[in-house]
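Q: Based on the provided sequences and hints, a complete structural model is requested.
Those sequence lines, one after another, are chains A and G. Heads up: the first sequence at position 29 corresponds to 29 in our numbering, and the numbers run straight through without jumps. Heads up: the second sequence at position 96 corresponds to 96 in our numbering, and the numbers run straight through without jumps.
Worth flagging that the hints you see were computed from the coordinates, not collected in a lab. Heads up, a few of these hints could be off.
[As the list claims (entries may be wrong)] If you want the footprint, here are the derived chain A segments under chain G, 3+ residues with CB under 8 Å:
1) 36-48
2) 52-64
3) 69-76
4) 82-94
5) 102-108
[As the list claims (entries may be wrong)] Derived Cβ-Cβ restraints for the label pairs, each shown as a range:
6) G/R47 - A/P131: 20 to 28 Å
7) A/G135 - G/V3: 38 to 46 Å
8) G/T54 - A/D80: 27 to 35 Å
9) A/D42 - G/V55: 19 to 27 Å
10) A/H94 - G/T67: 38 to 46 Å
11) A/E124 - G/R47: 13 to 21 Å
12) G/S56 - A/E111: 42 to 50 Å
13) A/G115 - G/G88: 22 to 30 Å
Ideal Cβ placement from N, Cα and C applies to all residues, glycine included.
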Amino acid sequence: MYVEINYEDGSVGVACYEDEAEMQDALTAAHARAVEGGRASDNTVAPASRIRSAYVYDEHPDDYSPDQQTTAKEAQAAVDAAFKRAGGENLSVHEIAAEIRDISNPFLPVEAVEGAYDSKYKMESSEQLKPSFWGGE
Amino acid sequence: MAVIAFQRLSQLVTDYVMGNSGSITPPASWTLALSSTVVGTGSNMARGSVWSATVSGSNVNEIGSTTANGYARQTIAKTINQAGIDWGTSTFDSTFSTGGQTTTADQVTFGAFSGSPSPGGSTVNSSVLTDGSTLNAGQLYFAGDLQTTRSFANGDTEKVTPAIKAG
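A: What follows is the structure, encoded as structure tokens:
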């Protein structure tokens with residue numbers, strides 16, 4: 001299983017665990033270290049950061065659209081959105097192409113992420129863990 | 001610190017940028033991986049290296065392919081200042097011999113680890129820009145040695161900030 005971990009310092013990472021018990025061990029240890037003022041690892045002087053949110057996925061959330069396929073309807077919607085945002089009749093083909101390429105982007109655009117610790121990925125998570133899972137408040 | 005640009009990155013310039021290829025194209029997103037292989041000075045990684053679990057020749061070996069213990073590749077979006085983790089505004093260095101255009105990605109965070117990933121978790125030597133989430137698979141784009149060899153234990157996290165200069 002995969003989990004997207006959002007830390008208090010704004011960093012975000014994805015981790016892979018065999019099962020829930022292993023995931024809880026790792027998240028609890030990482031969070032406790034931050035609460036105690038410890039370091040992120042023995043390799044660094046950087047402080048550990050508290051965990052603020054965690055989202056569980058059945059597969060890596062990077063696998064949102066690995067084959068980069070789309071439908072005519074989805075592509076047309078992207079083209080329409082590009083012209084609407086530009087507010088004119090003519091638009092650079094590269095801006096249109098960028099809008100279509102972004103269909104396969106696994107990340108949400110910044111404006112679509114409401115809270116600082118909300119999920120950053122387009123893929124739907126199977127579960128949002130409660131802070132008590134890792135010893136948080 | 002040794003760095004290397006792999007063949008696929010060069011091919012993207014020649015075929016995709018120069019030739020508008022529809023088959024040699026960038027991935028949906030980049031991913032950053034950790035490797036036990038040293039970039040070295042020509043005797044370890046090579047321009048034509050490939051990902052492989054087999055430690056042989058110029059193969060690049062990813063950590064955690066047998067036991068992840070929290071290890072997973074980290075996504076870097078193919079955008080500039082538009083997503084949670086993507087590339088920053090690039091800068092230009094006009095120095096004739098060493099200059100070029102540089103871009104730095106947002107910092108990515110590996111872990112939290114639940115122990116030492118196997119294989120390679122006790123001798124992490126380099127970070128590699130690649131694609132996809134399947135370990136020891138996908139294209140290689142560029143890699144750089146870490147400042148020191150890393151190892152991981154339960155509760156550890158590791159932050160890496162990749163940058164590339166094209167020149």
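Q: Hint by hint, which ones does the structure fall short of?
A: Checked against the structure, the hints that fail are numbers 3, 4, 6, 8 and 11, while the rest are satisfied.
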